[in-house]
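A.B. asks: Each chain, written out:
Number of protein chains: 2
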Amino acid sequence: MSERQQARRPGGRSARVGAEVHQAVTDLISERGYGNFTVGEVAARAGVADSSIYRRWGSLEALLTDVALTRLNAQSPMPDTGSLAGDLRTYAANVAREITGPDGLAVVRLAVALSGTGQQGLQAGADLRAERMRQLQSMLDRARERGEHAPDAFGVLDHVLAPMYIRVLFGMGPLTPDYVDGLVDRLL
Amino acid sequence: MSERQQARRPGGRSARVGAEVHQAVTDLISERGYGNFTVGEVAARAGVADSSIYRRWGSLEALLTDVALTRLNAQSPMPDTGSLAGDLRTYAANVAREITGPDGLAVVRLAVALSGTGQQGLQAGADLRAERMRQLQSMLDRARERGEHAPDAFGVLDHVLAPMYIRVLFGMGPLTPDYVDGLVDRLL
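Those protein sequences? They're chains A and B, same order as listed.
Residue 30 in the numbering used here sits at position 30 of the first sequence, with consecutive numbering throughout.
Residue 154 in the numbering used here sits at position 154 of the second sequence, with consecutive numbering throughout.
Note that these hints are calculated values from the structure, not bench results.
Some but not every residue of chain B turned toward chain A, in silico, with C-beta under 8 Å: (1) Ala126; (2) Ala162; (3) Tyr165; (4) Gly171.
Negatives, chain B to chain A, calculated, CB over 10 Å: (5) His22; (6) Tyr54; (7) Ala85; (8) Gly101; (9) Gln135; (10) His149.
These numbers were taken from a predicted model, which means no experiment stands behind them.
We put the beta carbon where it would ideally sit given N, CA and C, even for glycine.
The following block holds chain A by itself, in its conformation from the complex:
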C-alpha cells in the first residue's frame, strides 16, 4: 500500500497524525501568531517527522489552508429552527462561541491571513468564504419560502459577522449574548 493510500484511509494512525498536526498548528498560531513558525516546529510539537508533513501536505501554506478549511467547515453548521430570527440568533451565537473559544482567535486570524498568502491560500480562502455564503444564503432562502422578509447573505456578513470578527481580532471582546442578539435584531 502506498503512502498516499495510507493517508486517505479513514481512522487509524493517519487520522491521529492528521489531528495532532492540526492541533499543533492551532497551538502555534495561538502562541506566536500566524507565520512565526516552521514546518519543523509543527512536526516537533506533533511528534512526527518533518518528512511526514511535507509528504502529506507539500508545504506549510497548504497545511495552514487545510487547518483553516477543516476548522471553519466543521464548526457552526447552519441551524434550521423554523423561524428566521431563531436561525440567525442560533447561527450568530454559534459563530460567537467558535471565534471566542480557546482556538477561536487563531482560526479567525488564519482565515484572514489566508487572503494574503500566495495563490493557494488565496483560492482556498475564497472557496471557503463562497461555500459559507452559499450555506447562509440557503438558510435565508428557506425563510423567504416561508414568507418571511429576509436580508441577503451580504447583510448578515456586514452587520452580524463583520462586527463580531473585528471585535475578536481587535481584542474588544467579550461577545455577550445580549450583544450578539442585538446585532441580529438590528438587522431584522
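Since the structure of chain A is provided, determine the placement of chain B on it from the hints.
C.D. replies: This is chain B only, laid out in the frame that chain A set:
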C-alpha cells in the same frame, strides 16, 4: 554626536532612512504577508545595514508596530463638515480610500496582526484603537452638541468600519461610494 541623537534629528538622512525602512516593510507585507520576512530582508530592501534597524527599533516587532501606528495615524483625519451625515460620509470615504489603496491591505493586515504579536504589539494595537475611538467619539459629540441624534463610536465601528475592514481582508472589494454611503445612511 551620538547615533541616537542623529536618529532623533528631524529631516535629513535619519528621516530618509526611516521613510525607506517603513516603505520596505509595507512592500514586504504586501508581497509576502505579515510575518514572512526578516529584519535582514527589510534592511536589504531599504538599502541600510541590519544593525541600523536593530539600533533604531530594537526588534522586527517594534518596527512593525511603528509602521502601523505611523500609517494609521497619518491617514484619515477626522472631518468637520458641520453635519453628522457629512462628517460620517467623509470619514467613511477616507477610510475606504485608505484601506483599498496600494498599501491599504498591508496596513489593515498589520493592524490586525498587532493584536496577536506579543505584549508590545498588543499594547500598541490597543493604544492605536483607543486613540481612534476617542477621535471618532469627539466627532460624534460635536454632532450631539449641535442637537443632532448621533450613534456612539462603537456603532460606527460595528456597522461602518467593520464591514469595510472585513470586505477588504476577505478580498470582497471594491468598496464603491454607493456601498460606503449606504453603510453610513443605514446607521443614521
